[in-house]
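What follows is each chain in one-letter form.
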Amino acid sequence: MFALGIAGMLVAAASVRADDASARNEDRANSPIKSLAATCSGCHGGNGVGAPDTSIPPIAGLSPQLFLERMRAFRDGEGSPTVMQQIAAAYDAEQTRALATYFATITKR
Amino acid sequence: MQRRELLTHFCAGGALSLAACAHMPGGPAKPRVVVVGGGYGGATAAKFLRSFSGGGVDVMLVEPNARFVSSPLSNRVIAGEMSLAELTVDYDLLRARHGVSLVHDRVASIDPHGKYVVLAGGVRLRYDKLVLSPGIEPMIAPIEGLAEAHETGRIVFAWSAGAETVALQRQLAGMRDGGVFVITVPESPYRCPPAPYERASLVAAYLQTHKPRSKVLILDANPDVTAMAPLFKRAWQELYGDLIEYRNHYTVVGVDGATLTLRFDVQEDVRADVINVLPPVRAAKLAVDAGLANVNERWCEVDFLNFESRVAADLHVLGDSIQAGPKMPKSGFMANAHAKVAAAAIVAELQGQATNLEPMLTNACYAFVSASQAMHAASVYRFVAEQRRFEPIEGSGAASATWSEREAGYALSWARNIWSDMLG
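Protein chains in written order, with the working numbering: chain A, 256 to 364; chain B, 1367 to 1790.
Honestly, the hints are just simulated from the structure, not real lab data.
Keep in mind that the hints are not guaranteed to be accurate.
Claimed, not checked - Cβ pair distances, simulated, as ranges: (1) B/E1517 to A/A328: 51 to 61 Å; (2) B/S1554 to A/A328: 53 to 63 Å; (3) A/Q320 to B/A1751: 30 to 40 Å; (4) A/A348 to B/P1692: 43 to 53 Å; (5) B/R1490 to A/Q320: 46 to 56 Å; (6) A/T362 to B/G1519: 29 to 39 Å; (7) A/G334 to B/P1692: 52 to 62 Å; (8) B/R1613 to A/Q320: 31 to 41 Å; (9) B/V1632 to A/E333: 29 to 39 Å; (10) B/G1718 to A/R352: 22 to 32 Å; (11) B/R1463 to A/S318: 23 to 33 Å; (12) B/E1752 to A/R352: 51 to 61 Å; (13) B/A1595 to A/G332: 52 to 62 Å; (14) A/E333 to B/G1775: 37 to 47 Å.
What the hints assert, rightly or not - From the derived model, a few chain A residues whose C-beta atoms are all more than 12 Å from chain B: (15) P287; (16) K289; (17) D308; (18) P319; (19) A328; (20) T337.
No experiment lies behind these values; they were computed from the predicted model shown.
Every residue, glycine too, gets a C-beta built ideally from N, C-alpha and C.
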């Protein structure tokens, strides 16, 4: 009984710490990834979803693999990229991975 | 107590949405941010203040116009390629989807010490944080005769999309074949560096089709084309030949609206059939009157980490009215980017979070060289702590290799996407 009580308290304490961590970091409305992703939405549209029927592709809901592959291709100048060849050069590997993970979670409207 | 009085007063006036008034009785009051100006900077700030705070900050957007009208793309309206209606977007989603309170009024004055703004109707709006994205004001007085010529409508500026854009389109459509269309470019910095050259290109495209004996004369106060210079010059040569003439170092000092004549500091007078003067600009009068334009009484100096004014606490300035860094163009896209950095920093401060010390800005300026072809210059910027300013990230800043129909498609798509980013 006593042991169970202690275990219960530990679980409770752990969950509080987890909540604190998530409140501080990625789940927060004002997390760094939200600001980073906002540097994409000026061209790709609100949250990367975009207006219908535009020639700039939406990035919301892209698989992380495809997102990373496209960014690599832009950086390497493959195909005939225009603006993204320049833009892609500005993001380092860690930022690019974080963006790939983030936009994969956004549901297309 | 004072806050309650102001709110009561304002709610009684009926100008404020019920949602904002509903916070009055009971419940912990949320911090209130008033955003002045519903353009690229202000509308973006309002939306992102709400989203970055998870709805934890009350946001009021004060904008006199019922709907947003985009100045980017408005050169296409002058050339008859688009209508103003196609550049017009409702503010409704800011309210319905994001919970922004919209106040369609003009701000008459700001009291940065008392921390309130006064609306034209006399109502005071108290704020915890003020975001000003007031745009620009043309400096008319130094050019003799311009105030009168502008007043009568003989010479329009069309710096901001609206009635003057349509008026200029009509002047162009009414010009005789064989006439001269003059566009004057002010000394840099001014709003949207490629805009005068894009305008000249689109006017030339219109004339080439409809009035091929006519001419476009660009009279530039600068030593050279201020944006995408090699591309514009090559496009003019290849697409229009003698139809466009470019002259540098032409500073307008006077105009005669009756005879449509321009006077310069050095050169001979120039007579034309249509004159489009782009006068020098400075921060909007509202910002100047509030003492915020501390750089030559022209631009508002800000801390680039959060866009807070250097002369007023809890007052943040965005967009064309700031003293920008040397490589930061005054563009709608940049105002949108300023707004996101400012919104994140303001929310962090109001909610006791750490400020992002590595903010970034993106910018892409598309310019049409003909009705169906465009090109761009783009950059991504990072905050450099030592200089406390934004610098382009190496390798990210460049112009297109050439102009193309594909880029024209991107330009039109970009506009619809950034409108969804700020208003959708």
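Legend entry - A/D308 remote from chain B - nearest C-beta pair above 12 Å: violated (9 Å)
Inset, instruction - Hint says 46 to 56 Å; check whether the CB-CB distance for B/R1490 and A/Q320 agrees. - result: holds (55 Å)
Inset, instruction - Mind checking the hinted window 30 to 40 Å against the Cβ distance between A/Q320 and B/A1751? - result: holds (34 Å)
Inset, instruction - Return holds or violated for the Cβ distance of B/S1554 and A/A328 against the range 53 to 63 Å. - result: violated (36 Å)
Inset, instruction - Mind checking the hinted window 43 to 53 Å against the Cβ distance between A/A348 and B/P1692? - result: violated (29 Å)
Inset, instruction - Starting from the range 31 to 41 Å, see whether the pair B/R1613 and A/Q320 falls in it by beta-carbon distance. - result: violated (54 Å)
Inset, instruction - With 52 to 62 Å as the target window, see if B/A1595 and A/G332 comply at their CB atoms. - result: violated (24 Å)
Inset, instruction - Mind checking the hinted window 51 to 61 Å against the Cβ distance between B/E1517 and A/A328? - result: holds (55 Å)
Inset, instruction - Given the range 29 to 39 Å, decide if the beta-carbon distance of B/V1632 to A/E333 lies inside it. - result: Once the Cβ atoms are compared, 51 Å apart, the range 29 to 39 Å for A/E333 and B/V1632 is violated.
Inset, instruction - Say whether it holds or is violated: A/P319 keeps its Cβ farther than 12 Å from all Cβ of chain B. - result: Given a closest Cβ separation of 21 Å, the condition holds.
Legend entry - 52 to 62 Å as the expected CB spacing between B/P1692 and A/G334, which holds or is violated: violated (33 Å)
Legend entry - Cβ distance range 37 to 47 Å for A/E333 and B/G1775, holds or violated: violated (20 Å)
Against the hints set out earlier in the document, violations occur for numbers 2, 4, 6, 7, 8, 9, 12, 13, 14, 15, 16, 17 and 20.
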